[in-house]
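K.L.:
Chain by chain, the residues run as shown.
2 protein chains.
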Amino acid sequence: MKLYNVAILGATGEVGREMMKVLTERNFPVAELRLLASARSAGKKMTYMGKELTVEEATEDSFKGMDIVLGAASADLARAFAPAIVKAGAVFVDNSSAFRMNPEVPLVVPEINGDDVKLNKGIISNPNCSTIITLMAVKAIHKLSPIQKLVASTYQAVSGAGAGGPIELAAQNKAIVEGGEIECKVFPYQIAENLIPHIGSFLDDGYTTEEMKMQNEGRKILHQDTLKVTCTCVRVPVVRSHSISVSVYTERDLTVEEVKAAVAKEEGCLLVDDPASKKYPMPKDTSDQDIVFVGRIRKDLAFENGITLWCSGDQVRKGAATNAVQSAQLLVK
Amino acid sequence: MKLYNVAILGATGEVGREMMKVLTERNFPVAELRLLASARSAGKKMTYMGKELTVEEATEDSFKGMDIVLGAASADLARAFAPAIVKAGAVFVDNSSAFRMNPEVPLVVPEINGDDVKLNKGIISNPNCSTIITLMAVKAIHKLSPIQKLVASTYQAVSGAGAGGPIELAAQNKAIVEGGEIECKVFPYQIAENLIPHIGSFLDDGYTTEEMKMQNEGRKILHQDTLKVTCTCVRVPVVRSHSISVSVYTERDLTVEEVKAAVAKEEGCLLVDDPASKKYPMPKDTSDQDIVFVGRIRKDLAFENGITLWCSGDQVRKGAATNAVQSAQLLVK
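Sequence order for the protein chains is Y and Z.
Taken in order, the first sequence gives residues 1 to 333; the numbers are from the working numbering.
Taken in order, the second sequence gives residues 1 to 333; the numbers are from the working numbering.
Accuracy of the hints is not assured; some may be wrong.
Note that identical chains are pooled: a pair holds if it fits in a single copy or bridges any two copies.
With a Cα cut of at most 35 Å, we get these calculated DSBU-like pairs of lysine-lysine [claimed, not checked]: (1) Lys118 - Lys279; (2) Lys185 - Lys174; (3) Lys228 - Lys143; (4) Lys174 - Lys64; (5) Lys21 - Lys64.
Worth flagging that the hints you see were computed from the coordinates, not collected in a lab.
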């Protein structure tokens, strides 16, 4: 079996650490694993497959000899290091938003448009986490009849804001239980026992950058330029796993039965839809795994040709780390 | 000034206690206040306007001499006591779901269809809490152009399940912080750091009774029989105030500017919509008051003639107690 030299750029963050875990779980054919991070994290020790590795500072010279670089850093760092990665002859599978809408860069959810990895010119982009989870949940529907429109409201976990999110939620919960001061550093307002309808930056039309990703990235992933999406993104006091309430409008009218049957057979999805037994997707159940749970499937009552559903998936795994490793697996297959 | 004898049926519950507070705040012209509850609560002392009152067991004889009975009990109890209340000559302003869809009973949000109280034959119904808050947020739009359809996803606080909801959330949060057992009595699953897409009972078509209220009650309140609503109701770990992400589709196309201007002038609403200054509705800010906060107003991107917005309101107050007292105020005006 051919082995590959793999680097993780941003190895010490939430997604970087998860990438290391997913590489192990999936028994990725790794020759050397190189852990790269900022100067601040250089020297840290991390364990991979029982071996202790030392985190190195990422520099332009860090990528020589690498076959694959998994990007778990910011968009700015991704942009800064991409030329050096490509020049070194590695393929950069980047989780940041830096290259997602670049027409030269495939934007891949392996179960949906895995073939697009072949079009890469050195960079493959990982989509936004809510977009991945929503599209995973509706892809069975898209195969039955092309999706025309989506109306989505997200319920996004604090870990979507990085490793600091869960720490801030835990500290605020502790302050509420024990009667201390509430501190807000990661989120603009208290998130414990609150909801913040603000993820990303606001655009002139009132949408956030995060909300527009579902339409912009959805079009590219589904190869459907006319897809129209209205999305409202909300941060909720959940540690891990994003959930989405979404109405899906298709070209032809679908029955609930055929949608349920299609979701049940779909790769990467689990149909959790038995209301009588109180079975429906919940973030508590989907955390720390790769499967997107799909349930509450019913006919939309507002518009024709609509199906309304609810889904939950771990955005650090399928929404980020796992999706990137899956793209890397397609590269080496 | 004429004074009225008022009873609260279910005075010791979350909504009943809030009704007493709202009567005080609004300086309702009360002659006698009679606090009624189950045998279990009889004998409890509660304070109203500085006077100590004793809770009495509700029986068929409890309503003699009363002018208004505010109902904060279950639908079953409302149905059981309604004949005695009407026979005693009182008007029953009931917060339960018992009579909402009864064609003989007006279903009233005072700021929307206050005139309907005049049609009462002894019973006035208070709508569902999420329905009240959503309709309060969109009524300015309805006045600009009749609403045809709504696609709504709710983020409902634990206090919507009664006084036990916040106690259960607090106990679960404490268990998470201190490392104890998570107990679930009020909710079917852990609600702390989780989301439960299940409020009410499931119907054959996959919707819950709670989800259907927005369409069924919305039609009656707005006097719009053709209104179509798709709603997904989700319990979130927030103590108080429900929030709703809603897309509103009207007969004619509206601009964001005219909608914002209309909401800003609307009774019972506060326009909180200045993204550049991070101003948007949040449940933390709307709790313990009567105003529904409306923000994130923007053009819907999926369908024509659509406006998408986000709103938050205290469901124990405007969603229940305040709305009932407001109906009573219209009765005595």
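K.L.:
Each hint: holds or not?
P.N.:
The hints, checked one at a time:
no.	hint	result
1	Lys118 - Lys279	neither (39 Å within a copy, 44 Å between copies)
2	Lys185 - Lys174	both (16 Å within a copy, 23 Å between copies)
3	Lys228 - Lys143	both (17 Å within a copy, 27 Å between copies)
4	Lys174 - Lys64	neither (46 Å within a copy, 50 Å between copies)
5	Lys21 - Lys64	within (24 Å within a copy, 71 Å between copies)
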